[in-house]
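**Student:** Sequence:
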Amino acid sequence: MLLAPGVCSSLSSCPPQHPSSTPRWTLTPRGFPHPGPLGRAPATPPPLFRRPLFAVAPGDRALFLERAGGSKASVATAARSGRRRRSGTDPEKIVPGEGASRSRRDMLKDGGQQGLGTGARDPDKATRFRMEELKLTSTTFALTGDSAHNQAMVHWSGHNSSVILILTKLYDYNLGSITESSLWRSTDYGTTYEKLNDKVGLKTILSYLYVCPTNKRKIMLLTDPEIESSLLISSDEGATYQKYRLNFYIQSLLFHPKQEDWILAYSQDQKLYSSAEFGRRWQLIQESVVPNRFYWSVMGSNKDPDLVHLEARTMDGHSIYLTCRMQNCTETNRNKPFPGYIDPDSLIVQDDYVFVQLTSGGRPHYYVSYRRSPFAQMKLPKYALPKDMHVISTDENQVFAAVQEWNQNDTYNLYISDTRGVYFTLALENVQSSRGPEGNVMIDLYEVAGIKGMFLANKKIDNQVKTFITYNKGRDWRLLQAPDADLRGDPVHCLLPYCSLHLHLKVSENPYTSGIIASRDTAPSIIVASGNIGSELSDSDISMFVSSDAGNTWRQIFEEEHSILYLDQGGVLVAMKHTSLPIRHLWLSFDEGRSWSKYSFTSIPLFVDGVLGEPGEETLIMTVFGHFSHRSEWQLVKVDYKSIFDRRCAEEDYRPWQLHSQGEACIMGAKRIYKKRKSERKCMQGKYAGAMESEPCVCTEADFDCHWVYWPKYRKVVSNNCTDGVREQYTAKPQKCPGKAPRGLRIVTADGKLTAEQGHNVTLMVQLEEGDVQRTLIQVDFGDGIAVSYVNLSSMEDGIKHVYQNVGIFRVTVQVDNSLGSDSASPLEHVHLSLPFVTTKNKEVNATAVLWPSQVGTLTYVWWYGNNTEPLITLEGSISFKFTSEGMNTITVQVSAGNAILQDTKTIAVYDLKRFLQLRQKEEVKPDVKDPHAEGYSVTCIIEGLSIQLLYLARFCILALCLVLKKTLA
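Counting in our numbering, the sequence shown runs from 1 upward without gaps.
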């Protein structure tokens, strides 16, 4: 399945297609959904389906909150109780970071000079906490009369605007519909709110709030389709509304990325409509449109800004890719850019690229069109066999894709393309993945904001997940160096590569799950994330860490999860603890997390449901949404941070900071110097200044990557700005990469059969997964006295043809050699599954596939056992597993060697261990009638009432085997 970020992997796993859930958002590694690439410009983020414990909506200025009753809150509390520690019974008696023990609090108040730990404590490396309680300027407003409402949509209007709109709803889970709604509006940054139910109609029930992404003054409200199908439109930031009736039911809207009045509407009966008048009039574009597969044209790629890309279903159920004008989409004006059918739910239009998928011969094939040129098949390195692909990013004229290959189950490989998106190079193997709440695939990859080419990824190595970082878009990766000291200044003994810092990188539409990571374009050096120190990533003992030098070094800042909000271009960090308890405090840091001050933002503890920051560049006003109890009204706390600053910053308040990677200043071919506020200056920054200067570096070998598709050659890393140096050496003509030893050799027949007719051609296919094929010697022995040699594998791409003149059984062997190593292989002829025929519950069982011949090359093993509906796929010929219940179980192993698949099946009896703890001292062995079909005897071995039929070749083995069986079961 070809998927763009944030798109469900199948229709059945997608959330219900309701207007509150369908604005499509690119699930980027930025911690919170933000508007997708050009051509996909939703107005507000999708809803959150769980009761939130805490939310931060930084960039989009829109938030969806949901509140549930006591039972759901109890579940949420219980789920997080293992990570929370309270001091006494007062939730406000909290230690630094609101999570350490009482002794640690006293220790920190004493300046960090005493306490636990080995080695000398360094007070300068300890995170400092000012325990004196300070007070922020804040006001509180209650949405009176909405105490029963359990959902809220909040939107802060455009830049430099004081308008906030809130839509609260009562969603009846039994009826599956909205029964009440209220619309609130503030014009003073959230100090007070006015209820607007009389302006939209006292009996009108609203279901969704849209705000035009290119003109925040234009607001659109959608009524509940269970009662009526109407739109309410405002052009004055929600002060007044006009109502328009519809003759269809809207399921989702998609605004044009440039034209403020152009909208696409997807109906509940799968029809696509367009409006050029901000919803006042609508025109049908196409019927039978696939959900979520329609796009506006991208400016710069399409000459016609009103061009619409869509995937439609034909009468016979196939999918096709169509384009047409929004106001003139007739049968004669529709174009079909991709010839023939495409796989259902596979069209992606993103920036300058269009992607489709087509399955043939049981294998998916992926096609790309760059700047609307003819489609070309995407080419992964030779012998890669993808079964799933996700387009992660198309930034800077390059495709970043996650590919799950035939032997992977919970990991993906990262590939990066050339400019056209056709040729791909492996960037990182075995990146961890998981399933989101709605079944969508989430890749553990995070793109750091503000620094081009910088990514964090969680890679699985020997069943351990470790965090790696790259500064050059995947060319080089390294582990994260753990902090030198912990929260209290005690030294941390963590030696690479055995121990390192690991971060949670999972992002989803629900920002309340563990694994928070945040960075901002306006604060390119600061990264805040949750994680742990050790040999692998863990879900326990989670702490918060900060880096103020773009990931080179890290500091521990809290011992429990907190959500972080960036204020004043990252000049101030706000931390609020993740908890299901009411709180009234937060922490502020003016020096990039080195020290924190405790501030109260409300006099009465509040159950926090979400936080929304002021739009614009300064972000100095924050609105906290919550409630005093599960049955109280929504409480809106406006927090104004302007009072904490003395003045605006001047030029002398800044210092230069150079971006680097472990001291290397040339990153992506350039040196970049930024200006940062001096940590001791408590002034307000205001507008973000960006990099002070940037200059290109002289090209070195590090600015090129080895491109392995059909032959190894160097190419310059896309978006790399280096000049001169070795550029001519690597780009004037194809330059061979360093050689590699042969690996992954396979030999198969073209038809997958191991039989042939005498005197007829047999075509053998020799495949090499890795190695310098142009400098490799290949020797093929056909087993009939004839052997041939080749100097490179590329001359054998059409296969090797051979005619056997005599009847017989011949063994074909292939040997490949180069200066760095060798590999050999033969066709697979037989598979035998070896495992015990009886075991006990919850005891580990080893199963091994024995092959003949043993040297076959790289194989795929598919294991079916127990009641599993999906197999386990490995590259190893043995596995271990357990059975949790008694009974007879069938185990099957399928071994794939190229086109050939051989299998063997065995049955194992599983019994309760207690039945064998009181074994009789007398074993009865009764010879049976000799088996006429075998040279042996069938016997019955009786142990504790268990009869097992055995067939063995010699009579004297029987008693010994029964005794061994007894000992094994005991």
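Note that these hints are calculated values from the structure, not bench results. It is possible that part of the hints are untrue.
To be verified - Heads up, simulated DSS-like pairs for lysine-lysine below, C-alpha to C-alpha not over 30 Å straight-line:
| id | residue 1 | residue 2 |
| --- | --- | --- |
| 1 | K687 | K258 |
| 2 | K506 | K460 |
| 3 | K843 | K740 |
| 4 | K203 | K258 |
**Student:** For each hint, tell me whether it holds in the structure or not.
**Tutor:** Hint check results:
no.	hint	in the structure
1	K687 with K258	holds (25 Å)
2	K506 with K460	holds (14 Å)
3	K843 with K740	violated (42 Å)
4	K203 with K258	violated (35 Å)
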